[in-house]
Amino acid sequence: MLVMQGVCKSFGATQALSEVSFSVSPGEVVALIGENGAGKSTLMKLLSGAHLPDDGSMQLAGRPYRPMGPNDARRQGIAMIYQELNLAKDLSVEDNLMLGREKHRWGWVSRKEQRKKVVEILELIGHPDLSPTRLVGQLSIGAQQLVEIARALLSDAKVMIFDEPTSSLPKKDVDRLFAIIDRLRQQGIAIVYISHFLEEIRRIASRFVVLRDGQVVGGGPMESTSDPEIVTMMAGRSVENQFPKVPHSIGVPVLRTQRLTGRVPSDVSLELRKGEIFGLFGLVGAGRTETLRQIFGLDKTLFGTVELADERLRSTPRHCLRAGLGLVSEDRKTEGLAQNLSIADNLTLSDLSPVSRFGVLHLSKRTRVVREWMQRMSVKARSSEQSIGELSGGNQQKVAIARVLHQNAEVLLLDEPTRGIDVRTKADIYQWIGELAATGKSILFVSSYLPELVAVCDTIGVMAKGRLREVRAADAWTEQDILSVAVSNE
Amino acid sequence: MNEPSNVVVELPSGHSVRTRLWRILDSFGPLLALALVVVGFTIADNIWGQGRFAEMRNVRVILVLTAPVAVAALGMTMVIIAGGIDLSAGTASTLCATVLACSLSAGYSVPVVIAMTLLTGAACGLTNGLLIGSLRIPPFIVTLGTMTIFLGLAKQLAKGSTVFVDRKLIPNWLLNLSSTMPPDWHGWFPNIAIGVWLALGVAVLVAVLLRCTVLGRYLFAIGSNESTARLCGVNVLGVKLLVYALAGLLVALAGIYSFSLVKIANPTEGIGKELKFIAAVVIGGGSLSGGRGTVLGTLAGAAIMGVIASGCDQLEIQNSTQDIMIGIIIIAAVTLDQYRQRSMQR
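Residue numbers (my numbering), protein chains in the order written: chain A, 1 to 490; chain B, 1 to 346.
Just chain B, with the same shape it has in the complex (with noise of 0.2 Å):
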């Protein structure tokens, strides 16, 4: 206050062009790798494929395919931002699924079938909030056993078996909400499912409250440094119980994303999906000590997966070379990070 006032420039020493090319890689990094893997099978696929892998009709399948891994990683996204895990996305999204089934095969209204399947969703987000808040237990623990409650439930609720609905009961934007066909409308609009732009909307959502809310800012605060936040009076307590309902709700999202694809409900198709979330994030450049990630790293990351998915089947490369590839990739892209972190250190 004494001091004359003027903000003095000073540049970290030695290291500027290093840390800043390293800042370029932080936010783009993960879009430059899925062009780099669309490039790369666009070029390997006109060589030795047929040619089908770029055309419109392919990249309505991986953006269909993607659309439901995208949203629940966004969830996901925000879990581990906040310095949490979320290891029952995957069970909890069937059960979504599940409730839908049921519910639409009971009868029950349009309305009151998706406030019920995105209920479920919340409360399961919610459980999770409030066992990892109250009890204070790690939540890579307390998912790793909501996960298997939630299954549990979900097979109570399905009898057992898998859950057949009468197409005439499913509506019509259910239906198409991840159809691979053209809509009917046509024009200067891009030819693609409602549910992609569904999710394209999510992504906004979910950016701008990251970036310009103050839940936003409490996520980041809380999982860079948890006494801080307390220190600075954040209601610590709420807001995990809030971004675990929010994640719960986009984990619904995913159940009738794929219930639209497959129009049956089965509860032991959810296992092992939230690995696939979480690799969205990680891939994306989302650190799992929280703090960190971000939405266009996320949605890059599904879209990674999903186009290794889509270009190795164009190739005819066997579904265990795909398996493997996003094993590599997942670790190189956390190595790169770690390399990156240290490097900023220094």
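So here's chain A without its partners, still in its complex pose (with noise of 0.2 Å):
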């Protein structure tokens, strides 16, 4: 059904895709599966049309398949289950199931029309039980995502791509969920299937393909293949010297959470020491972020305890920051820095106090200030006035990371500070990582990026489903370990 040859895809300088051949056929599920940042996601934005391939061909149906955009993409059979998904929250199930393709006579929507046509597809699906009338912003998620996939096959897909479609779902909808995807592969609908969760892949899936790196690195037919076998082709790289190390000792206890409990972590206990360089890991949705930001007092704890020195923490942002605690947000754009308001600004937010006297700045002084991190941190700007937006996103970081310096935080909180920058910066930063522990720092580094977490960190613990899994001391790790903890659903 569709086939993909050869497909090469770069942005920039980064190559995400080099050479992918890629092939699902009527009433097969094929599994799609590799580590974050493996290509995944560039290559199902090539098949919904978000981005043209720079090399290769695609076909489907056997006709060449070149979509103009995702509607293009849509109107020719390709459809998308994502993670979040986009329904009118206001709507009714069947507004919104016809939506953009409403049954109408010179504008007067005929109801009646309708209703058959959506009863009829929530019968294909196998849940008349669904009420057309409902609006779908009171449905459960997985009922919502039913509404989706009706939707999709409104709109006569011949290939569905599920993107992590489990990931927020409850287990009762899992379970309702492979009912229907089996549902619709008997159909005749081609369908991929996009996770990390081997058990699940294996529940559906007949034939699965390892991506890594931007290249198809193995696949073959599921019954054939041990879990280990498939862990390996995930993650079977070879660490070079890319990841700089600073020789650094680590003294007593710091920071310590007690069966810290929030909206997704759950029960979460760890130690951090003086100088110790502790990495978190865990795949989309395992609750690492969510962790930190709890820490840091930026969600709400339900449960639980987090105490700096042997001193209870108040969970407030502001009490955390003054107590020595600092935080550099996964999300740069939205969260991490005010992107209209210049470098000076969002490096001197957190503490403005070293370059004001009773409230009063002294401009010319922060402005030393700034320049001096930005000259340390070798941030690429004009001035230190130019506005943060405008900067790239290694650029960006340094800001980001050179702002709870300046603050100078005991403790660092760091959510991903590697994504989405150019080799060099990430090994600036490795480094920075590294002096900082060795100035007696204690770093608390989440990262979905394997390699980098073995080569920089101290100790290694591992979140599953909002969980704390498993710690150990970073050698008495190995890539695989870490994987199959994580996969795991226990």
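Since the hints were derived computationally from the structure, they do not count as laboratory data.
Heads up, some of the hints might be wrong.
Stated by the list, open to error - Here are a few chain A residues that sit away from chain B, every Cβ distance over 12 Å (derived from the structure): (1) Gly77; (2) Pro317; (3) Gly326.
What the hints assert, rightly or not - Counterexamples of contact, computed for chain A against chain B with all Cβ distances above 10 Å: (4) Pro53; (5) Gln339; (6) Asn346.
Unchecked claim - List time: in silico SDA-like cross-link candidates among lysine to any residue, alpha-carbon distance up to 25 Å: (7) A/Lys426 / A/Asp458; (8) A/Lys89 / B/Phe140; (9) A/Lys274 / A/Ala474; (10) A/Lys365 / B/Ser287; (11) A/Lys333 / B/Ser287; (12) A/Lys426 / A/Ser378; (13) A/Lys300 / B/Val236.
From the three backbone atoms N, C-alpha and C, an ideal C-beta is built for every residue, glycine too.
With the hints as a guide, bring the two chains together.
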């Protein structure tokens, strides 16, 4: 049904996909597996028409497939079911299903005809129990996903791509979803299923393809391949010397969480020592970011405590910051940095006291301080007053890290600090993390990129489904071990 | 840290000239527009009118009428920079004027009267800030509610009618605050009512606050990205309370001005005034999505509206035409602003 051959795609200097070949036939479920950043999402973006490939060919139902955009891809029969659902929450199930293809006569919606069609399609997916008049916003996430699938069916999808569809579903809904996928398969729809969870893949897919660093590194029938084999394919990568190390020694415990529980994290107890680099690994949705946010008082704590130097921390960002915690957010755009403010504003916002007196800023002093940081971290910019949104991702990240250093935090919470930045800046960041640890600062380092965690950290904890599953010294882990704990369901 | 330490100069590729042009427009655009309007009316008045538009007497009138709008709009500028809006500013200012009139009539001493008026304004602002910050209701809705509440309070205080004050009870300086007559003192000092100077003083203070104080940085940060501000440990609730209270103080000052203009307090007179304040900020380049706004822009915005009103009067253009003109200018200002932002992003 769908065939990709020798597809390449690069963004600037980074090769996101190289020579990828991939196919799926009608009535087949193919699992697409790979670590974060392996190129899965780029591949999906090519299929859904968000990007065009640089090289290679794509065919759909025997004809060349070259979508002009997401709408065109949908019209040609490729439907995506994303992690975040794309529904109008204030409209009913029926209105959502028929959105953009309403049955009407001179603008008057003919409800009767529509209802017939909607009931038909809900029966087809095996859920005539779903009332067409319910508001989508009142449905559970699982039921909303049904609506999304039904909508894809209505548009005569030939290929359906599920992107981590179970990450936000309770178990009962997962079973229901699998039953539907099975029905779709029997009706001759070609299905691509993206997931981290090997167990799930085993239940639903007949064939798998592993992507790593933008290349297909393996694949085959599910039955004749064991889990460890697949995990090795996902991780199997030689670690080069792109990770500078700085010798540092570990001291007494500094930060301690006890049974920390919130919306996502549950029962997380961990201990961070002086001069320690503690890595936190987990797949998307495992609760690493939420754990950091909760330690920093950004998310509400339902249960449990955070102690800094044996004193209980009040859970507001302001108190945590004063006590010596600093957080670098994973999301530079919407949280980490105020995009239309200047470098100087962003860099000093967390602590203006060294550059002000009685609430009045010493502007030239501030410029001096900011320039100093920009030089130390080699931030490339026109001036300290340039708006931060104009800088490259790497330079923005340098400013975000400089802010935490400027506020002189003792404990640094770094959430994906190397995401979306170039290799050179990454190496710089590893170097700084090492240097900081050597000066006695403690670092909690969240990352989805295993090689960096293994190379940089002293200790690594692995999270899955909101829980901290296991903590070991970094040299007591292998990448395979870490991945298999991260993909475990129990 | 391990890098050679020099800041590399890197110009954004391609659009630098265009970007720079927009940047100049950004800071001087509203002033340029003001100059255009002034020149336009001066010429038009000399051809079709009686040539009185540019006379000192008329300039004095324009300034005196602009001052109250400008003062309240400065408060609004701070609120809008912090990502908020205050629809209750109009009725709050007449509530303050009513408090002023009533307490003067009741025979309180002048310092007490002024203190009560200013406190009323600050209390109005604090109420807004508290509701917005603690209940987490959007500012638009909160101030839409308090707008009517303040109107009702003013009516109750005025017992449903207009409050007249015995002239003898009004102190001299208050009478002269918005006087269009030349003051007694002459000489090198420009011959303008004391209220205009006061407004300019307030403008300088607000400009300093926005540019050079910690509070000013926090306002921009909250308006630009509230999550970032929270991440950086800014006391978001406290800052919001403070900015609404400050804006309330300035609204009270605007109330004092408008009382001194007409010497009576009419509780219903403030309805719709808030839109003038907001218009001044928007014409001056303030962004309703927060994070942007300047004192100079707001002053220019207020002055543009004043000049148009006066110029139209001189040319005997109907009041209705003035309204249409101001409406067009608001839309033009925002369109230009959107266009500018889009081309900066590219």
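Comparing the hints with the structure gives:
no., hint, result
1, Gly77, "holds (34 Å)"
2, Pro317, "violated (5 Å)"
3, Gly326, "violated (9 Å)"
4, Pro53, "holds (25 Å)"
5, Gln339, "violated (7 Å)"
6, Asn346, "violated (8 Å)"
7, A/Lys426 / A/Asp458, "holds (18 Å)"
8, A/Lys89 / B/Phe140, "holds (23 Å)"
9, A/Lys274 / A/Ala474, "holds (16 Å)"
10, A/Lys365 / B/Ser287, "violated (29 Å)"
11, A/Lys333 / B/Ser287, "holds (19 Å)"
12, A/Lys426 / A/Ser378, "holds (13 Å)"
13, A/Lys300 / B/Val236, "holds (17 Å)"
Against the hints set out earlier in the document, violations occur for numbers 2, 3, 5, 6, 10.
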